[in-house]
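J.: Here's the letter readout for the chains.
Protein chains: 2
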Amino acid sequence: MASSTAAPWKQLLVNALQANAPLKHSSFFQLATIGFNGRPSNRTVVFRGFQEGSDKIQINTDYRSRKIEDIKHCPFGEICWYFTDSWEQFRINGTIDIIDGSNPDPVKLQQRERAWFASSLKSRLQYLGPSPGLPCISEEPCNEYPLDPSTGPVGAFCLLVLDPEEVDYLNLKSNERLIYTSKRNGDGGQCWMLEKINP
Amino acid sequence: MASSTAAPWKQLLVNALQANAPLKHSSFFQLATIGFNGRPSNRTVVFRGFQEGSDKIQINTDYRSRKIEDIKHCPFGEICWYFTDSWEQFRINGTIDIIDGSNPDPVKLQQRERAWFASSLKSRLQYLGPSPGLPCISEEPCNEYPLDPSTGPVGAFCLLVLDPEEVDYLNLKSNERLIYTSKRNGDGGQCWMLEKINP
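Line by line, the protein sequences give chains L and P.
Under this note's numbering, the residues of the first sequence are numbered 1208 to 1406, in order.
Under this note's numbering, the residues of the second sequence are numbered 1208 to 1406, in order.
Read the hints as simulated data drawn from the structure, not as lab findings.
Computed from a predicted structure; not experimentally measured.
Take the hints with a grain of salt, since some may be wrong.
One copy or any two copies: either way a pair holds, since identical chains are not told apart in the list.
Said to hold, decoys possible - Below 20 Å or equal to it, Euclidean Cα-Cα: the simulated SDA-like pairs (lysine to any residue) are:
| no. | residue 1 | residue 2 |
| --- | --- | --- |
| 1 | K1231 | W1294 |
| 2 | K1329 | E1402 |
| 3 | K1329 | S1234 |
| 4 | K1329 | N1392 |
| 5 | K1380 | V1314 |
| 6 | K1217 | S1345 |
| 7 | K1380 | F1257 |
| 8 | K1279 | P1229 |
| 9 | K1279 | N1244 |
| 10 | K1263 | K1390 |
| 11 | K1217 | E1276 |
| 12 | K1315 | L1401 |
| 13 | K1380 | I1404 |
| 14 | K1380 | L1328 |
| 15 | K1315 | D1304 |
| 16 | K1403 | P1339 |
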């Protein structure tokens, strides 16, 4: 059992990101949530870094996408992140916080603004397009809107922050599997239990 | 609206498999289910082909793994399959059938046997190892069991068959998104509705 401010699995993940960095798709992972209909839902999203000074994982998304309704209904998610070069898998289960423009917390609004300016202009333009998931009514490409680079986050831009509670690490080269489980201390701190299990 | 025996999205998937065939990991996808604790669960699994003459998707798994309990509790799953070369994503939602050695249906037992012999000897050996997910009590590698190539499926070997009901196809190169939804006819047949939606 280890108690520290930086989660002990975080260094494994940082190493995997470095080892697989030449592959553009190494920053993509699959996020599972539970849909409004009670069925699992699963999609590829882009890793937008850890929240500053923490092990929370950031994802940008469109507030109009179906996953927002899903997460409002059931805030739990599991990331499955498979690194194709190093044969490592991270399954990261946790609770997801939705930070949109109406969030009452000024610190969270700042985080959302930082995430907006950290993404490319091309990425930002997507949030000006038509609602994702709605019937496509135009044959024209819809992303030809002007956007000033200094313009702050638009209404549809939303930051998701996943707070990890369990991390299941599998290394297919060494055939090793580790489970990290978060426990809250009485004083509000967090510690991580580590167990080696059969792959 | 199209009605046919072969699902209209199947050819798109077959094409993607061919286009991405040089990448070993193109046969891997992420399967989301709902855990016993009501939280989403997500892991990488290997595509083991379509069930003969159908568009059902086969996955091999260990009967002792946690996902079996999950699927018994909630039979729904969503595959997220991202092809890193062609930038195509398939989200395939459906119901999962568990076929283990105690299945009363002789046709399903045959399918399970075929899946066993279609997998490599190395893959088969995994089912003789210790229970996945249990604490690792040995420091020794545990997969040094003898296995005769003509031996049929062992008790832990299990075939999962996902019957697709909705397929959400996204092409990030053409920026096109299509939703295929299955409808059952009165006569027990199946037809697929197609809708083009915003990505």
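J.: So, for every hint listed, does it hold in this structure?
T.: Each hint tested on the structure:
1. K1231 / W1294: Answer is both; intra-copy 16 Å and inter-copy 11 Å each pass.
2. K1329 / E1402: Close neither inside one copy (43 Å) nor across copies (26 Å); limit 20 Å.
3. K1329 / S1234: This pair counts as within: shortest intra-copy Cα distance 17 Å, inter-copy 30 Å.
4. K1329 / N1392: So K1329 and N1392 fail the 20 Å test inside a copy (43 Å) and across (44 Å) alike.
5. K1380 / V1314: Result: close neither inside a copy nor across copies, 41 Å intra and 36 Å inter.
6. K1217 / S1345: Cα proximity of K1217 and S1345: none, with 44 Å in one copy and 26 Å across.
7. K1380 / F1257: neither (26 Å within a copy, 28 Å between copies)
8. K1279 / P1229: neither (35 Å within a copy, 40 Å between copies)
9. K1279 / N1244: Result: close both inside a copy and across copies, 13 Å intra and 18 Å inter.
10. K1263 / K1390: Classified as within: same-chain Cα gap 15 Å, cross-chain 41 Å, threshold 20 Å.
11. K1217 / E1276: This pair counts as neither: shortest intra-copy Cα distance 29 Å, inter-copy 29 Å.
12. K1315 / L1401: neither (31 Å within a copy, 40 Å between copies)
13. K1380 / I1404: Intra 16 Å, inter 40 Å, cutoff 20 Å: intra-copy only.
14. K1380 / L1328: Result: close only across copies, 18 Å inter versus 38 Å intra.
15. K1315 / D1304: within (10 Å within a copy, 43 Å between copies)
16. K1403 / P1339: between (42 Å within a copy, 11 Å between copies)
Of the numbered hints listed earlier, those contradicted by the structure are 2, 4, 5, 6, 7, 8, 11 and 12.
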